[in-house]
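Generate coordinates for the entire structure from the input sequences, incorporating the hints supplied.
There are 2 protein chains.
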Amino acid sequence: MSINLPPSSLPRVVIAGGGFAGLKLAQALDSSLFQIILIDHHNYHQFPPLIYQVASSGLEPSSIAFPFRAAFKRKKNFIFRLANVISVEPEQKQLITSVGEVPYDYLVLACGGTTNYFGNEQVAKHSLPMKTLYESMNLRNVLLQNIEKALVSDKPETREALLTVVIVGGGPSGVEIAGALAEMKRYVLPKDYPYMETDQFKIHLIDASPRLLQAMSEKSSRTAAEGLTSLGVEIHHNTMVTDYDGRVLTLGDGTKMNTRTVIWVSGIIANTVEGIQAESLGRGKRILVDGYNEVLGVPDVFALGDQCLMTADPAYPQGHPQMAQVAIQQAALLAKNLKARLTGAKQQTFRYKDLGSMATIGRNRAVAEIGKAKWGGFTAWLLWLVVHLRSILSVRNKVIVLLNWIWNYVTYDRSLRLILKRNVPVDPYQARQERLANRDTHVE
Amino acid sequence: MSINLPPSSLPRVVIAGGGFAGLKLAQALDSSLFQIILIDHHNYHQFPPLIYQVASSGLEPSSIAFPFRAAFKRKKNFIFRLANVISVEPEQKQLITSVGEVPYDYLVLACGGTTNYFGNEQVAKHSLPMKTLYESMNLRNVLLQNIEKALVSDKPETREALLTVVIVGGGPSGVEIAGALAEMKRYVLPKDYPYMETDQFKIHLIDASPRLLQAMSEKSSRTAAEGLTSLGVEIHHNTMVTDYDGRVLTLGDGTKMNTRTVIWVSGIIANTVEGIQAESLGRGKRILVDGYNEVLGVPDVFALGDQCLMTADPAYPQGHPQMAQVAIQQAALLAKNLKARLTGAKQQTFRYKDLGSMATIGRNRAVAEIGKAKWGGFTAWLLWLVVHLRSILSVRNKVIVLLNWIWNYVTYDRSLRLILKRNVPVDPYQARQERLANRDTHVE
Numbered sequence: 001m002s003i004n005l006p007p008s009s010l011p012r013v014v015i016a017g018g019g020f021a022g023l024k025l026a027q028a029l030d031s032s033l034f035q036i037i038l039i040d041h042h043n044y045h046q047f048p049p050l051i052y053q054v055a056s057s058g059l060e061p062s063s064i065a066f067p068f069r070a071a072f073k074r075k076k077n078f079i080f081r082l083a084n085v086i087s088v089e090p091e092q093k094q095l096i097t098s099v100g101e102v103p104y105d106y107l108v109l110a111c112g113g114t115t116n117y118f119g120n121e122q123v124a125k126h127s128l129p130m131k132t133l134y135e136s137m138n139l140r141n142v143l144l145q146n147i148e149k150a151l152v153s154d155k156p157e158t159r160e161a162l163l164t165v166v167i168v169g170g171g172p173s174g175v176e177i178a179g180a181l182a183e184m185k186r187y188v189l190p191k192d193y194p195y196m197e198t199d200q201f202k203i204h205l206i207d208a209s210p211r212l213l214q215a216m217s218e219k220s221s222r223t224a225a226e227g228l229t230s231l232g233v234e235i236h237h238n239t240m241v242t243d244y245d246g247r248v249l250t251l252g253d254g255t256k257m258n259t260r261t262v263i264w265v266s267g268i269i270a271n272t273v274e275g276i277q278a279e280s281l282g283r284g285k286r287i288l289v290d291g292y293n294e295v296l297g298v299p300d301v302f303a304l305g306d307q308c309l310m311t312a313d314p315a316y317p318q319g320h321p322q323m324a325q326v327a328i329q330q331a332a333l334l335a336k337n338l339k340a341r342l343t344g345a346k347q348q349t350f351r352y353k354d355l356g357s358m359a360t361i362g363r364n365r366a367v368a369e370i371g372k373a374k375w376g377g378f379t380a381w382l383l384w385l386v387v388h389l390r391s392i393l394s395v396r397n398k399v400i401v402l403l404n405w406i407w408n409y410v411t412y413d414r415s416l417r418l419i420l421k422r423n424v425p426v427d428p429y430q431a432r433q434e435r436l437a438n439r440d441t442h443v444e
Numbered sequence: 001m002s003i004n005l006p007p008s009s010l011p012r013v014v015i016a017g018g019g020f021a022g023l024k025l026a027q028a029l030d031s032s033l034f035q036i037i038l039i040d041h042h043n044y045h046q047f048p049p050l051i052y053q054v055a056s057s058g059l060e061p062s063s064i065a066f067p068f069r070a071a072f073k074r075k076k077n078f079i080f081r082l083a084n085v086i087s088v089e090p091e092q093k094q095l096i097t098s099v100g101e102v103p104y105d106y107l108v109l110a111c112g113g114t115t116n117y118f119g120n121e122q123v124a125k126h127s128l129p130m131k132t133l134y135e136s137m138n139l140r141n142v143l144l145q146n147i148e149k150a151l152v153s154d155k156p157e158t159r160e161a162l163l164t165v166v167i168v169g170g171g172p173s174g175v176e177i178a179g180a181l182a183e184m185k186r187y188v189l190p191k192d193y194p195y196m197e198t199d200q201f202k203i204h205l206i207d208a209s210p211r212l213l214q215a216m217s218e219k220s221s222r223t224a225a226e227g228l229t230s231l232g233v234e235i236h237h238n239t240m241v242t243d244y245d246g247r248v249l250t251l252g253d254g255t256k257m258n259t260r261t262v263i264w265v266s267g268i269i270a271n272t273v274e275g276i277q278a279e280s281l282g283r284g285k286r287i288l289v290d291g292y293n294e295v296l297g298v299p300d301v302f303a304l305g306d307q308c309l310m311t312a313d314p315a316y317p318q319g320h321p322q323m324a325q326v327a328i329q330q331a332a333l334l335a336k337n338l339k340a341r342l343t344g345a346k347q348q349t350f351r352y353k354d355l356g357s358m359a360t361i362g363r364n365r366a367v368a369e370i371g372k373a374k375w376g377g378f379t380a381w382l383l384w385l386v387v388h389l390r391s392i393l394s395v396r397n398k399v400i401v402l403l404n405w406i407w408n409y410v411t412y413d414r415s416l417r418l419i420l421k422r423n424v425p426v427d428p429y430q431a432r433q434e435r436l437a438n439r440d441t442h443v444e
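Residue numbers (UniProt numbering), protein chains in the order written: chain U, 1 to 444; chain E, 1 to 444.
In short, the hints are calculated from the structure, not lab data. Don't be surprised by glycine CBs; every beta carbon is placed ideally from N, CA and C. Each hint should be verified, as a subset may be incorrect.
So the derived list for chain E, only partly shown, Cβ under 8 angstroms to chain U, looks like this [claimed, not checked]:
no., residue
1, L389
2, I392
3, L418
Covered stretches of chain E, as calculated for chain U (at least 3 residues, CB under 8 angstroms) [to be verified]:
no., segment
4, 32-45
5, 76-82
6, 151-164
7, 210-222
8, 320-333
9, 358-365
As structure tokens, this is what we get:
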């Protein structure tokens with residue numbers, strides 16, 4: 001099947017995935033030298049650092065997503081295709097997608113990663129991930145719905161399970177969603193549920209390691225733990241989850257907790273693409289690449305960001321952390337190196353420049369580290385706001401996010417508490433409508 | 001099953017449905033005299049007049065929806081329950097819901113209506129309604145997705161079907177969505193799809209009657225038809241739809257059209273509630289009520305707005321039109337009359353005060369009529385904006401909607417073109433997550 005691509009005499013770069021790496025590469029590539037094809041299974045770029053705010057009703061999905069077509073409307077020789085990536089055929093130099101084959105001169109895999117349940121099928125089946133916009137809306141629905149269910153239950157043990165939220169993972173995502181839910185408990189629930197004792201709403205944070213935010217300093221870990229504890233979050237350090245059946249969560253020491261809401265933010269595993277051989281994969285299914293991000297043993301195919309593992313950077317012999325900054329820097333360099341290939345100039349090997357890391361805990365409270373400088377509290381919080389606002393893609397979205405933040409800050413409110421989903425038993429046509437909408441992107 | 005309602009010595013008013021009528025009644029009822037229970041299957045009030053803007057990517061769902069709990073957080077003796085209304089048991093004076101029985105002193109049915117397919121199961125199965133927020137998001141997804149599919153199709157007849165949108169219904173909803181899509185075709189598609197000839201995108205408006213906007217004057221009908229035609233909409237007057245199988249739409253004269261997108265905005269039928277006997281139902285399944293909105297033959301049960309049919313208003317012997325203003329005015333009067341019942345004061349019978357009607361066609365173009373005054377063009381358009389902005393529930397939403405309108409107006413853009421849905425084949429856990437989220441509101 002053809003995919004109807006406009007002809008071009010330029011070499012074609014096919015980018016699979018429009019996350020931080022794919023977006024940056026498409027922006028940075030010189031489109032007077034290359035035809036650029038971007039393929040993603042969403043028609044928008046999403047901004048993962050703020051997904052927890054969508055899950056906790058602070059932001060709208062559209063505020064942290066931006067359609068690719070709008071982002072690139074002024075870029076010549078740029079083509080977007082909505083499709084699922086299926087496999088690579090390096091010998092034929094083509095990428096197979098759900099809408100057809102895409103021949104390439106250079107292929108860049110930037111498909112990112114997905115939630116890692118470490119092989120625990122039970123946990124995967126019953127817990128809630130928070131990596132995509134869709135998952136965050138789903139999580140919002142479940143959180144709000146469980147409170148509504150608790151209100152009409154006359155069984156104390158059911159109420160307890162419905163009002164207990166367990167977050168598994170002590171990294172930035174876990175800390176941030178714990179803080180956001182704790183503030184919702186403190187400021188929103190008493191107003192919204194005057195007939196409920198909001199003390200019944202419990203938030204647990206389960207962390208396998210001895211301290212939160214392992215990638216940061218011990219001081220920042222302490223600040224984060226103290227902040228969350230003061231907001232009422234119960235932190236369990238050095239604790240593993242062994243099982244969850246949708247009702248009972250079992251911990252490594254045998255402790256059992258009754259909960260209907262387990263948020264799983266404890267790991268990431270790279271998305272795989274058929275046609276990349278097992279010997280090209282490293283830890284966490286990441287694709288092994290050389291210092292130029294070219295896949296080992298597969299010429300003209302590159303991998304970027306969360307999906308790749310590069311051990312050639314002397315400062316990071318185990319590979320880089322799976323963070324936005326790594327993906328963005330690799331993409332920027334690859335844009336230059338691809339141009340250098342064409343012009344015969346010398347290519348550069350990748351060296352990651354650590355720009356620091358940060359996590360927000362709540363109102364006026366965050367932790368931030370840049371090199372040896374460390375901040376906690378209000379300064380870090382302001383820094384966090386500025387850095388994230390700057391990174392959001394469009395002016396429109398920046399304005400809307402800023403307005404929402406100001407509104408939420410001033411009113412202590414989260415105004416987006418909508419359970420936006422189809423309602424099962426009422427409308428006999430909805431099931432059909434949903435089927436229509438969820439038809440995949442194949443053209444029949 | 002108990003529904004865990006806080007005890008009260010006040011008479012209890014149970015309101016089923018939080019549309020315009022239910023919301024207004026809950027706002028207007030004196031909660032020092034009544035305990036108020038509001039039941040809805042959504043946790044938010046939605047604003048139907050702007051739903052077409054959500055469908056056409058101009059507004060976010062959250063901008064025209066507002067959580068009931070937030071709307072009533074300062075109202076004492078007010079309780080919201082998320083539940084489906086199942087049936088009424090007038091002898092036991094209780095309402096049966098998906099979360100349990102709710103005993104009432106007064107019951108007010110305000111469940112509104114749903115899309116009327118006039119018994120055509122085929123059409124109901126394959127066409128897209130636009131009455132709820134969920135349906136409008138779904139419609140947005142289908143519209144955008146079909147364009148993406150057309151781009152990768154190499155069969156001209158498939159492309160044609162994917163790029164043909166047929167709107168069935170010449171009332172305000174049909175006119176407004178036709179205008180919004182025509183403007184999207186003119187201003188957005190050429191920028192977003194540089195490799196597509198946007199002329200291929202066709203918009204048809206099918207109207208069973210000889211003129212659009214039958215409820216308005218002939219002059220307004222003409223203005224609307226001229227406006228839409230100049231935007232490239234093909235209007236078919238005096239035309240019925242007899243069949244649609246998801247591929248081919250058949251018209252009354254046997255004409256066939258290839259289309260994958262049929263938007264059905266051609267009628268409304270009242271939602272029914274078990275326990276209200278057939279003899280209490282009038283045309284369009286509307287519940288027959290007296291001049292006080294009390295259901296004929298069912299004491300202490302009332303019906304409001306789209307769900308009821310009142311023939312006691314001398315100016316409207318056939319019943320009132322199913323419009324927001326009727327619902328709001330009936331609810332306001334019922335709040336007074338229920339108070340009068342308690343205090344022994346005299347109740348008033350309902351007289352509808354027609355505040356006029358309006359419909360927007362596009363940029364700077366609308367039609368509006370108030371009494372004998374008629375406007376077309378820019379004045380009507382400004383009037384339309386002001387009236388709708390005033391009616392939106394919260395200050396926050398007013399601000400966000402106004403900002404979006406200004407943005408869209410100045411940039412000629414619709415920035416919310418996100419296909420926000422689960423992606424079928426990629427994530428093995430999504431189906432499960434969706435199942436979790438779509439569990440109904442029963443407490444197991």
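Does E:I392 meet its interface restraint, that is, does its C-beta lie within less than 8 angstroms of any C-beta in chain U?
violated, 13 angstroms
For the segment 320-333 of chain E, do three or more residues have a beta carbon lying closer than 8 angstroms to a beta carbon of chain U?
violated (count 0)
Interface hint outcome for E:L389 [beta carbon to chain U under 8 angstroms]:
Hint on E:L389: violated, closest Cβ of chain U at ~16 angstroms, above 8 angstroms.
Are there three or more residues in the segment 151-164 of chain E whose C-beta lies closer than 8 angstroms to some C-beta of chain U?
Result for this restraint: holds, n = 6.
Status of the hint placing E:L418 at chain U (closest C-beta pair under 8 angstroms):
Holds, about 5 angstroms.
Can the segment 76-82 of chain E be counted as covered by chain U under the rule of three residues or more with Cβ-Cβ separation shorter than 8 angstroms?
Per the Cβ count (3), the hint holds.
Residue count check for the segment 210-222 of chain E against chain U: does it reach three with CB-CB under 8 angstroms?
n = 0 at 8 angstroms, threshold three: violated.
Report holds or violated for chain U covering the segment 32-45 of chain E, Cβ cut-off 8 angstroms, minimum 3 residues.
n = 4 at 8 angstroms, threshold three: holds.
Tell me whether the statement that chain U covers the segment 358-365 of chain E is true, taking a Cβ distance below 8 angstroms and needing three residues at minimum.
Coverage by chain U is violated for the segment 358-365 of chain E (0 residues, Cβ < 8 angstroms).
Going through the hint list in order, the structure does not satisfy hints 1, 2, 7, 8, 9.
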